[in-house]
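Listed below are the residues making up each chain.
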Amino acid sequence: MDLKELYQEIILDHGKNPRNKKRCKGFNKQAEGHNPLCGDKVHIFLKLNKEKKVEDISFEGEGCAISIASASIMTETIKGKEFNVAKKILENFLNMLKDGSKLKINSLSEDQNTTMKSLSGVKQFPMRVKCATLAWHTFMHAAEEKKQKANTEKAD
Amino acid sequence: MDIKSVKSQFPIFKNKINGKSLVYLDNANSSQKPERVIDRISKFYSKEFSNIGRSVHTLAVTATNRFEETRDLVKKYINAKSREEIIFTKNATEGMNLVASTYGEKFINKGDEILITELEHHANYVPWHFLRQKKGAVIKFAKCNDRGEVEIDEIKKLITNKTKIIGITHLSNVTGAILPVKKIVDLAQTKKIPVLVDGCQGAPHLKLDMQELGCDFYAMSCHKMYGPTGVGILYAKKQWVDQLPPYQGGGGMIEEVKKDNITFPGSPTKYEAGTLQTAEVVGFSESIRFIQDVGIKNIMQHEKEITEYGVQELKKNNSIKIIGDPKNRGSIISFTIKGIHPHDIATILDEDGVAIRAGHHCCQILHEKMGVTATARASLGVYNSKEDIDALSNAIKKCNTIFNK
Ligand SMILES: Cc1ncc(COP(=O)(O)O)c(C=O)c1O
Numbered sequence: 000m001d002l003k004e005l006y007q008e009i010i011l012d013h014g015k016n017p018r019n020k021k022r023c024k025g026f027n028k029q030a031e032g033h034n035p036l037c038g039d040k041v042h043i044f045l046k047l048n049k050e051k052k053v054e055d056i057s058f059e060g061e062g063c064a065i066s067i068a069s070a071s072i073m074t075e076t077i078k079g080k081e082f083n084v085a086k087k088i089l090e091n092f093l094n095m096l097k098d099g100s101k102l103k104i105n106s107l108s109e110d111q112n113t114t115m116k117s118l119s120g121v122k123q124f125p126m127r128v129k130c131a132t133l134a135w136h137t138f139m140h141a142a143e144e145k146k147q148k149a150n151t152e153k154a155d
Numbered sequence: 000m001d002i003k004s005v006k007s008q009f010p011i012f013k014n015k016i017n018g019k020s021l022v023y024l025d026n027a028n029s030s031q032k033p034e035r036v037i038d039r040i041s042k043f044y045s046k047e048f049s050n051i052g053r054s055v056h057t058l059a060v061t062a063t064n065r066f067e068e069t070r071d072l073v074k075k076y077i078n079a080k081s082r083e084e085i086i087f088t089k090n091a092t093e094g095m096n097l098v099a100s101t102y103g104e105k106f107i108n109k110g111d112e113i114l115i116t117e118l119e120h121h122a123n124y125v126p127w128h129f130l131r132q133k134k135g136a137v138i139k140f141a142k143c144n145d146r147g148e149v150e151i152d153e154i155k156k157l158i159t160n161k162t163k164i165i166g167i168t169h170l171s172n173v174t175g176a177i178l179p180v181k182k183i184v185d186l187a188q189t190k191k192i193p194v195l196v197d198g199c200q201g202a203p204h205l206k207l208d209m210q211e212l213g214c215d216f217y218a219m220s221c222h223k224m225y226g227p228t229g230v231g232i233l234y235a236k237k238q239w240v241d242q243l244p245p246y247q248g249g250g251g252m253i254e255e256v257k258k259d260n261i262t263f264p265g266s267p268t269k270y271e272a273g274t275l276q277t278a279e280v281v282g283f284s285e286s287i288r289f290i291q292d293v294g295i296k297n298i299m300q301h302e303k304e305i306t307e308y309g310v311q312e313l314k315k316n317n318s319i320k321i322i323g324d325p326k327n328r329g330s331i332i333s334f335t336i337k338g339i340h341p342h343d344i345a346t347i348l349d350e351d352g353v354a355i356r357a358g359h360h361c362c363q364i365l366h367e368k369m370g371v372t373a374t375a376r377a378s379l380g381v382y383n384s385k386e387d388i389d390a391l392s393n394a395i396k397k398c399n400t401i402f403n404k
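Chain order of the listed sequences is Y and S.
If you read the first sequence in numbering that gives the first Met the number 0, its first letter stands for residue 0, the second for the next number, and so on.
If you read the second sequence in numbering that gives the first Met the number 0, its first letter stands for residue 0, the second for the next number, and so on.
Fair warning: there could be bad hints in the mix.
List of simulated lysine to aspartate or glutamate pairs, EDC-like, C-alpha gap at most 20 angstroms [unchecked claim]: (1) S/397 to Y/1; (2) S/155 to S/112; (3) S/206 to S/71; (4) S/396 to Y/1; (5) S/396 to Y/8; (6) Y/87 to Y/143; (7) S/368 to S/117; (8) S/19 to Y/1; (9) S/397 to Y/4; (10) S/368 to Y/8; (11) Y/3 to S/349.
Pulled from the structure, derived: some chain S residues nowhere near chain Y, Cβ distances all over 12 angstroms [claimed, not checked]: (12) 40; (13) 56; (14) 83; (15) 138; (16) 152; (17) 272; (18) 294.
These are calculated hints, taken from the structure and not from any lab test.
Just so you know, these numbers come straight off a predicted model, no measurement behind them.
Beta carbons are placed, not taken as given, at the ideal position from N, Cα and C, and that holds for glycine.
So here's chain Y without its partners, still in its complex pose:
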């Protein structure tokens, strides 16, 4: 375990100055996510256009540095992407946290890849993985218009 891996500059920065932390204008989908064990909450606002492209995405919520940073990074990474691409990014991200597999997403800039990778340190802290995945699961709930709240105790 290494705290420096967990609390990297990038994460602390996103945690303190989260991007897209607001209700974006013209959102047409939304979902709430909740981590009942620790009380972390996130609300995702999503504008998905007719061509199934993420025109805008933002979030509101309360939580630890990891969960806020992860939500912030997620919105930055996914904004402007086709939904199918966004879904691939999400799968890649979850695999990185699950089994440490490398991120390999061509559609991301080098900067974006680095930023996403900064969250890989969470893998060494099993109790914190849920903090990092909450916003991502909630994004899928919003996109797929699932009725139930995203819940880290049910998410796989």
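Could you slot chain S with the ligand onto chain Y? The hints should help.
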């Protein structure tokens, strides 16, 4: 109290956590176990085990005796009047569910009022919520003040002629406030309202005397009292166990079973359905002996001293806000640090081997009232020392460094 010799009785402290000595400050969640408790369970399984109360062979008799001896020991320890008043449950949660369910079934009807406080753990709220849904009862919350205490006047204010039961915590697992339980019981008795005390945090840290306290029900979890998991004790006054219906049905709790009717024995048998956590109950006898050997008065004195030192040390750090400032504080200190979420605090502390809890501590009503979703909590036990507090303060400084660079 010789803290070194006390601590040396707990084998867990021989282990390193992340390469560091363990500083265990999560006692309100659960306490560690002395070797004698662990050994007792092992010896019971190796030499004395059998199911209790059912067979006539030698082992069954031995096991039953050991089990019932623990009941006698508990009765004495908490100064209950009779052994029928001591019911073994799986934890305090089950004890409180037992009261809500059986007392509720018999005495609570539509529009009746259940009076609890904003300090209550979910275990002393959710069971009453079930009753609210099932029977249309009303739940009222006595307010907690800025110090994190519930004053007796707040309870007095809410009592009406519809109040059927009062449920209060002995010692808040968040603010650490010790409630004036005796006074509340005295007040309730003038109105003939029974009082259920959630004794989860009271039992490990305060001197217990049921006859003096006078409450009707007192629920405890043995795992917080240096005892095994899976055992709880519900003290229930004789007048109630005589009147209330059984809780769960099954083997062991019946008198006679016919196709058209079933009769039940008295307490505690009627409340102890199915095979019980026999070894754990027997193991718990050693927890009580451990507490008696150290002396509850010594434990209280020691914990008070370390807690006061803890409050004083944490107050030196300007970024820390301690939650609640009760005049009468048990060994619990909850706090927040400006700009750092409690989960991040807990993770950073853990790297130094300092174990605390972060979250809402099963008290969402209270956290909402205080306007926070989570707090960090350091809770002390008999083995903690000033050095542990120093380790806590130093680890907190590390949080400040990481987040303020
Ligand atoms: C005040 C209080 N009540 C109830 C409980 C529930 O205890 P258990 O889970 O052992 O039933 C706890 C422990 O978390 C507590 O601190």
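Item to complete: If any of the earlier hints don't hold here, list their numbers in rising order.
Response: Violated hint: only 10; rest satisfied.
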